[in-house]
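Model the full assembly from the supplied sequences, consistent with the hints where possible.
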Amino acid sequence: MFVQSLKFVQSHAGNIKDISIYGQEGTSTTYKLAKMNLLLNNVRGEIKEANSFYSDPYNAYENYDYVMANPPFNVDEVVYERIKDDKRFNKYGLPKNKSKSGKKDDKKETVPNANYLWISYFATALNENGRAGLVMANSASDAGNSEYEIRKKMIESGVIKQMVTLPSNMFSSVTLPATLWFFDKSKVRTERKDEILFVDARNIFTQVDRAHRK
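Numbering (our numbering), first residue to last: 92 to 305.
Treat the hints as calculated values from the structure; they're not laboratory data.
Computed from a predicted model, the values in this text were never measured in an experiment.
Keep in mind that a hint or two might mislead.
In silico lysine to any residue, SDA-like type, Cα no more than 25 Å apart, as pairs [claimed, not checked]:
no.	residue 1	residue 2
1	Lys139	Val94
2	Lys244	Val166
3	Lys178	Lys252
4	Lys175	Ser237
5	Lys108	Tyr155
DEER-style ranges, computed between Cβ atoms [said to hold, decoys possible]:
no.	residue 1	residue 2	range
6	Gln298	Asn161	20 to 26 Å
7	Tyr149	Thr266	30 to 36 Å
8	Ser248	Tyr157	17 to 23 Å
9	Asn236	Ser263	28 to 34 Å
10	Lys244	Lys305	30 to 36 Å
11	Ala302	Glu219	41 to 47 Å
We put the CB at the ideal spot given by N, CA and C, even for glycine.
Rendered as structure tokens:
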């Protein structure tokens, strides 16, 4: 995404030296690959190895012009106590289990599904004119319970600009279809605050081979 962003800037006669890139990656191998990829493509950028749920190395809250991300879907091991007071995640509400177990044990309560932690993280990282695009599991678009309440608050805030439902088989590693979410913080101050564009692109694709589409 960083490399393609810089190519986009160059193709529109922009100066890549005006762009500062910051990223973080929790998996050591992927972190090293990302660093190598930037080097090979002559892209100046800072990437840190960090768990995004428990670490905020760049002080991301309301700090970014642009955010792009393809986070891991349906993560279920995030410890609730460690993120419950983090403003990156609780502005719109936290995903919570429907009920707590009555058994007394040492097992820590976890977030049932971290999809909405990612969604909140990227939305709250934007400055007053910031924009974001992210890839998310289809299931997040109509998730119920606490996720429903978070989604409702986000819609009412006006930050969600557009959602695009993708075809299946768009990724080399998984066949599941996904949805693109787009945020625009400047929209919350306009007459279009209550408008969201929905695009159904499930049947818009070119078949590359038997298992892949673009």
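Query raised in the report: Okay, Asn236 versus Ser263 on CB: inside 28 to 34 Å?
Result: Holds, at about 33 Å.
Query raised in the report: Okay, Lys244 versus Lys305 on CB: inside 30 to 36 Å?
Result: holds, 35 Å
Requested in this report: Please test the hint of 41 to 47 Å on the beta carbon pair from Ala302 and Glu219.
Outcome: Taking Cβ atoms as reference, Ala302 and Glu219 lie about 43 Å apart, which means the hint holds.
Query raised in the report: Given the hint that Lys175 pairs with Ser237, does the C-alpha gap stay at or below 25 Å?
Result: holds, 14 Å
Query raised in the report: Is 30 to 36 Å a correct range for the gap between the Cβ atoms of Tyr149 and Thr266?
Result: Taking Cβ atoms as reference, Tyr149 and Thr266 lie about 34 Å apart, which means the hint holds.
Report task. Take a look at whether the Cβ-Cβ distance between Gln298 and Asn161 falls inside 20 to 26 Å. Result -> With Cβ atoms ~22 Å apart, the hint holds.
Query raised in the report: Does the structure keep Lys139 and Val94 at a Cα separation of 25 Å or less?
Result: Distance of about 17 Å is within 25 Å: holds.
Query raised in the report: Is Lys108 within 25 Å of Tyr155, Cα to Cα?
Result: holds, 17 Å
Query raised in the report: Lys244 and Val166: Cα distance at most 25 Å?
Result: Holds - the C-alpha atoms of Val166 and Lys244 are around 22 Å apart, at most 25 Å.
Report task. Quickly compare the C-alpha distance for Lys178 and Lys252 to 25 Å and report which way the hint goes. Result -> Holds. Lys178 to Lys252 sits at ~22 Å (cutoff 25 Å).
Report task. Go ahead and decide if the range 17 to 23 Å is satisfied by the Cβ distance of Ser248 to Tyr157. Result -> At 19 Å between Cβs, range holds.
Hint check: no violations occur; every hint is consistent with the structure.
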